Amino acid sequence: MFELFKQKAEAINAEVYYFKSKAEALDFIKDFILEHNPNKLSKGVVWCESPFLEGIDKDSLLMELPQVEFNIDLNSASSAKIGINQVDYGIAETGSLVEISENVSKRLCSTLPEIHLAILPLSKIEPTMDDIMKKIDIRKIPYLTVISGPSRTADIERVLTIGVHGPERVLILCVDNF
Amino acid sequence: MIKEDIRKALQNANLSGALTRFSEAYAVSRAKAYEGLNFEEIREKIASAKAFVAEHLEEVVQTFIKSAQANGAKVFYTKNPDEVKKYILDLARKNNVKSIVKSKSMATEEIHLNKYLKEQGIEVNETDLGEWIIQLAGQRPSHMVLPAIHLTRYDVSDVFTKKVEPIEPDIARMVKFARKHLRRKFLAADMGITGANMAIAETGTLVLFTNEGNARLTMTLPKIHVAVVGVEKLVAKFEDIFPIIKALPRSATAQLITSYISFVTKPYTHIDGSQKEFHIVLLDNKRSEAAKDPVFKQSLQCIRCASCLNVCPVFRLIGGHVFGKIYTGGIGTILTAWTEGLKASKDIQGLCIQCGNCVKVCPGKINIPELIVEIRKRLAKQEGLSFTTRAIYSVVNNRKLFHSILRTASKLQKPFERSGFIRHLPFFLSDLTQERSLPAIAETPFRDRFRKIIQPSSGKKVIFFAGCLIDFAYPEIGEALIKLLNSAGIEVLFPEEQTCCGAPARYSGVMDVAANNSRQNLEALLSVEADFIISACPTCTVALKQQFIKDLKEQNYTQEIITKAEKISKKVKDASEFINTLIKENKIKFDRSQELTVTYHDPCHLIRSLNIYKEPRESLTISGMKLIEMFESDTCCGMGGSYSLKFPEISGTILRRKLENIKKTGVDMVCTDCPGCVMQIRGGIDKEGLPIKVKHSLEVLAERLKEV
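Those protein sequence lines, which keep their order, are chains A and B.
So for the first sequence, my numbering puts the first residue at 1; every next one is plus one.
So for the second sequence, my numbering puts the first residue at 179; every next one is plus one.
With the rest of the complex left out, here is chain A:
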């Protein structure tokens, strides 16, 4: 299922990575931040609370990467280049992510920054959207988004252009044994 998910997600311009463990994924995230947002003086990364962060010592992470901001508001999210959150499901059929965001901070991480790092527990990949919709009760969820690749437009001369109002890069970090 992961293979299908990866193939479909890449077909819609998302980037998909596989990690055997949380630790591996964390290393990747750290390297990615250092590579794409090396400036330690400004808060270029917003990272939303999630099960992934449980058990990770945020203080030492901040020592290592002071460009990360865990307090998310309009100001921090709109000035960040990278937004990190954990999404709730993956859809293999279309390579999509399902983000349930009662907490608006989670949504800001995937709407405002140019790069969205989406952490997805491997076990949360389901075959189709219908499968996921059957598991949840939409009545109880204030806001849910199915995200399929980066933001795109073809409004000028029908030329496909990636990255309009939302992220121009979506990296999906699939984490096993989570």
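Honestly, the hints are just simulated from the structure, not real lab data.
Quick caveat: nothing in here was measured; it's all calculated off a predicted structure.
Hints should not be assumed to be uniformly reliable.
Unchecked claim - If you want the footprint, here are the derived chain A segments under chain B, 3+ residues with CB under 8 angstroms:
(1) 142-148
(2) 160-174
Said to hold, decoys possible - Pair ranges (Cβ atoms, derived):
(3) B:K559 to A:L74: 56 to 64 angstroms
(4) A:L74 to B:E297: 24 to 32 angstroms
(5) B:E301 to A:D130: 35 to 43 angstroms
(6) A:N39 to B:H234: 58 to 66 angstroms
The C-beta atom is built at its ideal place from N, Cα and C for all residues, glycine as well.
We have chain A; now place chain B onto it with these hints.
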């Protein structure tokens, strides 16, 4: 007025170039997007879910209101569009709103909300890139899904440079430019207005599709979110959304899925910790009246994908600024007739050529051409017919007069005729021969020639229904049919009282004449006994098979007459299908010694109303012809009956595309199975002086018969 707009649009190479390229690419990518899915099954589900809502509109509206209110949304429902504007203005005033961001919503375009709010001193910014460009340019969308498709990158750069700040005509840079400028607007806005693609009654959820991500920002960043939703967006059950989720992106932009599908159910805590305000405005604006109309209730099955525009041979030439108002194209004509009133659709309804291309792609299973004919009927009733139209149809209504006029015309045309064509006509008639030569009216019509044909008598008899074109312009097609049938041992009868099938009147909405034509034909066709009634004109076939019954019922004819029409309907076969059966039964044999190469043009009524396209190809191939397919073989040739007389320039432009596609095959013969298509294509080929023969398949098949 509309003629002038058409002329301008046809001369606008950017517009027709962009639309045509898109429609060509769309046909391929749409098919690819639906690969592995059963489109018929999907659209059946959509149509029935939507039809349910139309049937139970008030009930579904009330269920939605209850669910949404229970979720904490504030719902405002009104039939009056002015009250929608007032509600939003009051809300804005109460909350001291100075600036609004909007994501694409046709419902707000429909009520001219932006203009209204601006007049009240509130800044409104569209945030969908295409809509923003259109707003800055002070135009209206030319396409429901691709609002700025008529503008080039240079146009867009001009608009940005004039209205925002200088930017070069580089698409990637202009997209970044839009991100930067609109991001500021998002962050400063006090209210976000969106539409919705679906509203689920049982859960009170709105579902929104976007690619750019602007709807998410519009809903999330300002403290107040107002969604303006036309009641046709309602579905009763949560499960009803799945077929629409499958169809909408595939049909709209040939995507498997859009970048974002948002489900909004409840207001949540806003970014600043306060309570989010979530308002849903349900807009009726005549939709509930349409839902009660036995014919137009179908219009509520529209999911606003605009695939009907993308496959329309007329729309891709002239675009939505001419073919449409707020809503564009064929479906736009129907929606305009309701949201703006029947009269508002008067100019645009005529633009539908009735080719039926949209019927096969509509995910809501709306028969758009049929609804447009219904508009014509109602307009004819409401507005009355022009003197000329009335005069023409009163002639067609009287067979003897009609036929004697055709005979007289055959004599009068002499000065203009050369080798079977009329190439130029003087005065106001000159338009008719500008794009293509007209066929000369035959010196001896089929009905006179028929009397002289000696047929072997047989126990197997069929009736031939000739229709006007074969009878008076192309009698040789009728003769070819007789030759083929005789060779299979079948005798052909020709009741002389038969007349026009009624199509010209019918497709113009002049129903009393159409029904009278139907009735006259019934009498003629039942005057002799035969197993089958054969027509070699698919438009006539459709009339005899399907339309007579409908027309007579609609015009309140007696059950006795309707029963006759039903009896006829069962006996009718199109010649292409009937001959094909005889060929496969080996009753018609060919001399295959000379292999000829041919390309085939599918007549609209044959392929789309009768679903016949394999049969004529198979017949030609069995007769020893080699078939080379042309691009868009099933796209209309531009004839459309009287359409080519009403809009000769559009008809001519469609024809030239057809000729280009024929030329590209490199063959020197085109076959088709409709005398109207023969007339149009042959006329175009004569006008261009091309060395290509155009024949009705029957003529070619008859020429290749094995001599016994």
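Unmet hints by their number, sorted upward, for this structure: Violated: none.
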